[in-house]
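Modelling step: build the complete structure from the supplied sequences, incorporating the hints.
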Amino acid sequence: MEYTIQTDPRLPCNHTYCIDCLQELFMKSMQDETLMPPRCCQKIIPIDLARLTSKEIENFNAKHLEYSTKDRLYCSQPTCSTFIPPALIVDSIGICPKPGCQVKTCSICKAASHGNFDCPKDEATSAVLATAREAGWTRCYQCRAMIELTHGCYHMTCRCRAQFCYICSTPWKNCQCPQWDEQNLHDEARARAERIPALQMPHANNRIQMNEYVQRMANQLRANHECEHTNGWAYTPGGVIQHLHKIKSHLSIDENQPTGSKEKEYVYLKTCTSCHIIDVRDLTVEIEANFRGEDKNKKPILPYAALTQMMRFYFDNDCEIIVRSSETEPKIKWYSKKKQQLNEQQNFFLMTFQLIAFLLKILFLF
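Numbering (numbering that gives the first Met the number 0), first residue to last: 0 to 365.
Just so you know, the hints here were simulated from the structure itself, not pulled from any lab data.
Bear in mind that the values here come from a model prediction, so they are computed numbers and not experimental data.
Treat the hints loosely; a few may be bogus.
Said to hold, decoys possible - Cβ pair distances, simulated, as ranges:
{"id": "1", "residue 1": "N210", "residue 2": "L128", "range": "37 to 43 Å"}
{"id": "2", "residue 1": "R143", "residue 2": "P45", "range": "44 to 50 Å"}
{"id": "3", "residue 1": "K120", "residue 2": "I56", "range": "35 to 41 Å"}
{"id": "4", "residue 1": "T78", "residue 2": "S53", "range": "25 to 31 Å"}
{"id": "5", "residue 1": "A126", "residue 2": "K42", "range": "42 to 48 Å"}
{"id": "6", "residue 1": "A126", "residue 2": "C176", "range": "25 to 31 Å"}
For glycine and all other residues, C-beta sits at the position ideal for the given N, C-alpha and C.
Here it is, written out as structure tokens:
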């Protein structure tokens, strides 16, 4: 073999290689894992010394990544078997990078993806499922999220919006399972009954009324467990005065706090008159929408009559609430008293200036 000594590359170990032999070594290293990466005297040979083409460099880097990966994953399609890089493995599912294939492979058992089912060889998931069975938990049939029922009926609505039965995990209304556990039913009924302040007084008669109300509420929950909340809303105590502080920042009112406003004072929230569930929408956002006139066709979210004494003090000193009745529904408008006072002062100064100008004009004429 003829070659020129000046053109042959010198390796890190100071040995000189024939360029053709060096290129052949790199080609063989892509077929024989024991030769990857190419070495001389136990020192790695830089790839730029082999003067490979761009395509050869791309193939070499791909093989180097494959051979350096400890737990390798290959496409489960027998006619493909392409190596799946770790970057293409998400949640134990690898996607074949070969164009036209795109087969999903389970990185745990190396077989085809199991879809919404768990891998039978996944020990961690198996341990969690064993704990879930002992605790009585269930899983969403759609997103496979684990769910624990602490109160309420067996009608589950997952965060992925799937509705299913807590007992058998089948889509809702496709099974014959009971809708309530009696203990959960009475716990839920008592929790809703305890929201009524009049039943919390320490009198024997109130305790009797409480028990009677719990029983009525349990019967009502059985009949209205799928309530659509179409029979109207009532106001019930709940929440704290911190809601009011948020309201003030939205209304851009003076930041001076009224006396005692840092105490925990309850505000009123809405509950369904049928199932007594609490409307958990953001109170601040709703009041701000009313203030900006975005809910003109709706009833006031927080009527003045429902405000506590402390909240009335706040609004009486900072805002004026005017309720106007119309032929359809009552509407509520909120005005800042400070802004109104500022406008009155501006009008006073303007009238004074006009009066002085008028008097000066009369004096100038005479």
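How the hints compare with the structure:
1. The beta-carbon spacing between N210 and L128, approximately 40 Å, falls within the hinted interval of 37 to 43 Å.
2. The beta-carbon spacing between R143 and P45, approximately 48 Å, falls within the hinted interval of 44 to 50 Å.
3. Between K120 and I56, the C-beta spacing of about 37 Å keeps the proposed range 35 to 41 Å intact.
4. Checked against the hint of 25 to 31 Å, the pair T78 and S53 passes, with Cβ atoms roughly 28 Å apart.
5. Checked against the hint of 42 to 48 Å, the pair A126 and K42 passes, with Cβ atoms roughly 46 Å apart.
6. A126 and C176 have their C-beta atoms about 27 Å apart, which keeps the hinted 25 to 31 Å range intact.
Taken one by one, the earlier hints all hold for this structure without exception.
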